[in-house]
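2 protein chains.
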Amino acid sequence: MKVLGLVVEYNPFHYGHLYHLEKSKDLVKPDVTVAVMSGNFVQRGEPAIVEKFARAKAALKQGIDLVVELPVVYSLQDAGGFATGAIWTLDHIGVTDIVFGSETDDTELLKKVSKILIEEPEYYRDLLKKHLKKGHSFPNARKYALRDFIHIEDKNLSHRIEEIGSSNNILGVEYLRAINKIGSKIAPLSIKRVGSSYTDEEHRGKFSSATAIRKLIQKGDIESASQAIPKEPFDIILQEIRSGRGPVFKEDVESFFISFYRLLSRDDYNRYYGFVEGLDARFQECSLSGSLEEFLHCVKSKRFTLSRIRRLMYYPVFRFTDNLIRKSNEFGPQYIRVLGFNEKGRNHLSNIKHSMKIPIITTVSLWRKVVDGALKKEMKIDADLLEAQLERDFAAVRFYASLFKYPESRSRCSDLLSRVIYNEEDS
Amino acid sequence: MKVLGLVVEYNPFHYGHLYHLEKSKDLVKPDVTVAVMSGNFVQRGEPAIVEKFARAKAALKQGIDLVVELPVVYSLQDAGGFATGAIWTLDHIGVTDIVFGSETDDTELLKKVSKILIEEPEYYRDLLKKHLKKGHSFPNARKYALRDFIHIEDKNLSHRIEEIGSSNNILGVEYLRAINKIGSKIAPLSIKRVGSSYTDEEHRGKFSSATAIRKLIQKGDIESASQAIPKEPFDIILQEIRSGRGPVFKEDVESFFISFYRLLSRDDYNRYYGFVEGLDARFQECSLSGSLEEFLHCVKSKRFTLSRIRRLMYYPVFRFTDNLIRKSNEFGPQYIRVLGFNEKGRNHLSNIKHSMKIPIITTVSLWRKVVDGALKKEMKIDADLLEAQLERDFAAVRFYASLFKYPESRSRCSDLLSRVIYNEEDS
Chain A
1 MKVLGLVVEY NPFHYGHLYH LEKSKDLVKP DVTVAVMSGN FVQRGEPAIV
51 EKFARAKAAL KQGIDLVVEL PVVYSLQDAG GFATGAIWTL DHIGVTDIVF
101 GSETDDTELL KKVSKILIEE PEYYRDLLKK HLKKGHSFPN ARKYALRDFI
151 HIEDKNLSHR IEEIGSSNNI LGVEYLRAIN KIGSKIAPLS IKRVGSSYTD
201 EEHRGKFSSA TAIRKLIQKG DIESASQAIP KEPFDIILQE IRSGRGPVFK
251 EDVESFFISF YRLLSRDDYN RYYGFVEGLD ARFQECSLSG SLEEFLHCVK
301 SKRFTLSRIR RLMYYPVFRF TDNLIRKSNE FGPQYIRVLG FNEKGRNHLS
351 NIKHSMKIPI ITTVSLWRKV VDGALKKEMK IDADLLEAQL ERDFAAVRFY
401 ASLFKYPESR SRCSDLLSRV IYNEEDS
Chain B
1 MKVLGLVVEY NPFHYGHLYH LEKSKDLVKP DVTVAVMSGN FVQRGEPAIV
51 EKFARAKAAL KQGIDLVVEL PVVYSLQDAG GFATGAIWTL DHIGVTDIVF
101 GSETDDTELL KKVSKILIEE PEYYRDLLKK HLKKGHSFPN ARKYALRDFI
151 HIEDKNLSHR IEEIGSSNNI LGVEYLRAIN KIGSKIAPLS IKRVGSSYTD
201 EEHRGKFSSA TAIRKLIQKG DIESASQAIP KEPFDIILQE IRSGRGPVFK
251 EDVESFFISF YRLLSRDDYN RYYGFVEGLD ARFQECSLSG SLEEFLHCVK
301 SKRFTLSRIR RLMYYPVFRF TDNLIRKSNE FGPQYIRVLG FNEKGRNHLS
351 NIKHSMKIPI ITTVSLWRKV VDGALKKEMK IDADLLEAQL ERDFAAVRFY
401 ASLFKYPESR SRCSDLLSRV IYNEEDS
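Heads up: the sequence lines are chains A and B, in that order. Here the numbering used here is used: the first residue of the first sequence is 1, the next is one more, and so on. Here the numbering used here is used: the first residue of the second sequence is 1, the next is one more, and so on.
No lab work stands behind these hints, which were simulated from the structure alone. From the three backbone atoms N, C-alpha and C, an ideal C-beta is built for every residue, glycine too. Any given hint could turn out to be false.
[Stated by the list, open to error] One side only, chain B facing chain A, incomplete, derived with CB under 8 angstroms: (1) Y123; (2) L127; (3) K130; (4) N156; (5) S255; (6) L263; (7) L279; (8) A281; (9) Q284; (10) G290; (11) A395; (12) E408; (13) S409; (14) S411.
[To be verified] Listed below are the simulated SDA-like cross-link pairs for lysine to any residue, each with C-alpha atoms no more than 25 angstroms apart in a straight line: (15) A:K215 to B:R412; (16) B:K327 to A:D268; (17) B:K405 to A:K376; (18) B:K369 to A:S265; (19) A:K300 to B:K369; (20) A:K250 to B:K327; (21) B:K369 to A:K250; (22) A:K250 to B:S255; (23) A:K405 to B:K380.
[Stated by the list, open to error] Residues on chain B that point at chain A, a partial pick, calculated with CB under 10 angstroms: (24) F256; (25) I258; (26) S259; (27) L288; (28) E294; (29) L296; (30) F399; (31) L403.
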């Protein structure tokens, strides 16, 4: 039995995603396809454009059989933490094959790189230190260290590091590393992305990037956005907007952030993960900024990338303590939160139910009961860690809804109202 | 030497305030007049319409010689805590007489009431319990208990309790109680307010209430507002508005509150002062409200007045822990923060400097130096409490500035930019 797993954000679902999904199915020929998807906050360190249930529904309409949520303690982490949470979730849920998009379809090359990152040979570590000392950000220092290291092994390969070392692409390497780290038997496959890079902000018709599509929607150019999104996902977005639930953009958190950081002391920042190398002081000094842009550029330096700062901004908000993130990365997600399925997906859940190592939460209001059941079955979960992870997901949903434009919508928190999405049509 | 002390908010300064100031001077014939003024957040549980330095300047223009700040740990407390902080500050700074406005000029009657509240005779306590048990809010239960108690002593007085027991007027009683509590020698005098009650929202020409004036400014009816405000204070407000520093209204904190409360757990609320009798649970349940109005009405009950809830809303924001408030009420303010003075006010400061029991902070950036000096002089201050109180004042200023409409203004925090205001003209 083949279970295809994809790591997605679908923010929003577009033709590039559809292409990747269909190509992956062609390659793996799965019996069932599972996606682990970021919830209301995505890895760029931003709120998703519409909330997770809407995006799960779109995924089900386009051919995913089962959508589970990547807990926010992973979705707001760097590539390493994000991949750890995503791969661990897919492994728990019985995935046999994952296919990820990257700038190269040379999975062997990615494996070679991930091997270096896993084994960290001494010479590689020296190179990394050297480049970090120069003041480069971690992603860049790693890229340069990999280039220098591989150059000695294989001159022909080293020039290709530029394509692998790019901060997007490093995700592929991190997936491989995570598979190795947790000792998973998942077979990884890399396929080349089509269309524009996901950071490309320009509108490029059918294959516009998610960033470009969000910009179009923010500008109110719904017509152009519709060209890049299949009909059903597009209708779901429209429905969300008409109901006053979004679209939400990173600018909508601006005024909250500007007020919130002014209330924190350096000691507060130090309680949270990632405030190292003076970032606590920088956040505090920069908290007097008048806008989000000003804040980001105040904190930013050669050492800290913008996307890292964008993610870190959420850590004091959702209280990502050092302990929480370290434990989450060491022990993995403590639950599977199901957002939606079709008949095939539901059957898959039934099939794996008895061999699960962590509990499956479908009806969220029953979570305590589910956890009690899991503890009785002597699943090896850490109940405190589970509650800490789940509470962050709840907080993320409550907080996200507070960003809606209309007071009437803000009180509607999907976690309390939505049950798991069931897509009958594809059953 | 007579030093007149006034407890003010001047939010904003209007003709009613001017009348009170001049009448008070007539009565006391002071050598110098000192006002202790709420900073950027006032006792109603709201941001002040313009910030403290602007309001201090207005006060100096109108005949106050020295303006000091009531620390925010007092200005956002109920009548009892507010009065404790205010009277203690005035006592520290050498005030001999205070004159406060109330609905009665019968100081003897107020003294009689405050005596009951200080001594709490057993029968009074029983009556209070009885009315609290009926589910009344504390201010109302106290009013009814006083009425019933005094009825036995003096039938003619009991019908006048209605006027004394009103929640505004109880401040007068609390001033008397605070004078007694700290063993101050300040002579208190009550004079009757003129014009409309301060909660009156209607515009009443020259003697409109501060509430009505703020409403006019919020509606953009600057012309009508100007009728109720003397020229110089009015020009100062206009100048603030033109510089983008305000006006700030309670609605400007709405979106922050709506997001912020959703991030707190019941344990969090319990860390702060005043979250008793299930208020922690009510705050948490109501945090899903879509607007401030909805939130207030969700939390409100017969037991909790709206103004109490409005103040409590700031306690998790500025972290008014149980410990901080209890210690502040037990040991009083640990510093005098000078906002402005004229020559006469400055001379008064010089005169009392050597007999001060707590340090005087004029240049805020030097506060650590001032505290070190105070400790060397063996002033009986609690350095931790001092820092905790002062840090709340700083946070209040930073937070207040984040509410300004324009990004350019938000980074201008008066605490960092403004020195103490010196009013030369009146010297």
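So, going through the hints one by one against the coordinates:
1. With 8 angstroms as the threshold, the beta carbon of B:Y123 stays out of range of chain A, its nearest partner Cβ sitting at about 46 angstroms, so the hint is violated.
2. A hinted interface residue such as B:L127 counts as satisfied when its beta carbon comes closer than 8 angstroms to some beta carbon of chain A; here the least separation is about 41 angstroms, so the hint is violated.
3. The interface hint given for B:K130 is violated, since its Cβ lies 38 angstroms from the closest Cβ of chain A, which is over the 8 angstroms cut-off.
4. For the restraint placing B:N156 at the interface with chain A, the shortest Cβ-Cβ distance is roughly 51 angstroms, beyond the 8 angstroms limit, so the hint is violated.
5. Checking B:S255 against chain A by beta carbon gives a least distance of about 6 angstroms; that is within 8 angstroms, so the hint holds.
6. For B:L263, the suggested interface contact is upheld, since its CB lies about 6 angstroms from the closest CB of chain A, less than 8 angstroms.
7. Nearest Cβ of chain A to the Cβ of B:L279: about 19 angstroms, over the 8 angstroms cut. The hint is violated.
8. Among the interface hints, the one on B:A281 is violated; its C-beta lies about 16 angstroms from the nearest C-beta in chain A, farther than the 8 angstroms criterion.
9. Nearest Cβ of chain A to the Cβ of B:Q284: about 10 angstroms, over the 8 angstroms cut. The hint is violated.
10. Evaluation of the B:G290 hint against chain A yields a held restraint, the C-beta minimum of about 3 angstroms falling below 8 angstroms.
11. Evaluation of the B:A395 hint against chain A yields a held restraint, the C-beta minimum of about 6 angstroms falling below 8 angstroms.
12. Residue-level restraint check for B:E408 holds (minimum Cβ-Cβ distance to chain A is 6 angstroms; threshold 8 angstroms).
13. With 8 angstroms as the threshold, the beta carbon of B:S409 comes within range of chain A, its nearest partner Cβ sitting at about 7 angstroms, so the hint holds.
14. Restraint check, B:S411 versus chain A: the minimum CB separation of about 4 angstroms is within 8 angstroms; hint holds.
15. At roughly 31 angstroms between alpha-carbon atoms, A:K215 and B:R412 are farther apart than 25 angstroms, so this suggested pair is violated.
16. Under the criterion of a C-alpha separation no larger than 25 angstroms, the hint pairing B:K327 with A:D268 is consistent with the structure, at around 23 angstroms.
17. Note on B:K405 and A:K376: the hinted pairing is violated, with a Cα-Cα distance of about 55 angstroms set against a maximum of 25 angstroms.
18. A threshold of 25 angstroms between alpha carbons decides the hint, and for B:K369 with A:S265 the separation of about 20 angstroms falls inside it, so the pair holds.
19. In summary, the hint linking A:K300 to B:K369 is not supported, as the alpha carbons are separated by about 33 angstroms, beyond the 25 angstroms threshold.
20. This hinted pair does not check out: A:K250 and B:K327 have alpha carbons roughly 41 angstroms apart, beyond 25 angstroms.
21. Taking the CA atoms of B:K369 and A:K250, the gap is about 42 angstroms. The hint is violated against a cut of 25 angstroms.
22. Straight-line distance between C-alpha atoms of A:K250 and B:S255 comes to about 15 angstroms, which keeps the hinted pair within the 25 angstroms bound.
23. Among the hinted pairs, A:K405 with B:K380 is inconsistent with the structure: their alpha-carbon atoms are about 52 angstroms apart, more than 25 angstroms.
24. Hint on B:F256 holds. Least Cβ distance to chain A is approximately 5 angstroms, under the 10 angstroms limit.
25. Among the interface hints, the one on B:I258 holds; its C-beta lies about 5 angstroms from the nearest C-beta in chain A, closer than the 10 angstroms criterion.
26. With a cut of 10 angstroms, the hint placing B:S259 at the interface with chain A holds, because the nearest CB-to-CB distance is about 4 angstroms.
27. A hinted interface residue such as B:L288 counts as satisfied when its beta carbon comes closer than 10 angstroms to some beta carbon of chain A; here the least separation is about 5 angstroms, so the hint holds.
28. Checking B:E294 against chain A: minimum C-beta separation of about 7 angstroms stays under 10 angstroms; hint holds.
29. Interface restraint check for B:L296: the shortest CB-CB distance to chain A comes to about 13 angstroms, outside 10 angstroms, so the restraint is violated.
30. With 10 angstroms as the threshold, the beta carbon of B:F399 comes within range of chain A, its nearest partner Cβ sitting at about 5 angstroms, so the hint holds.
31. The beta carbon of B:L403 comes within 7 angstroms of a beta carbon in chain A, closer than 10 angstroms, and the hint placing it at the interface holds.
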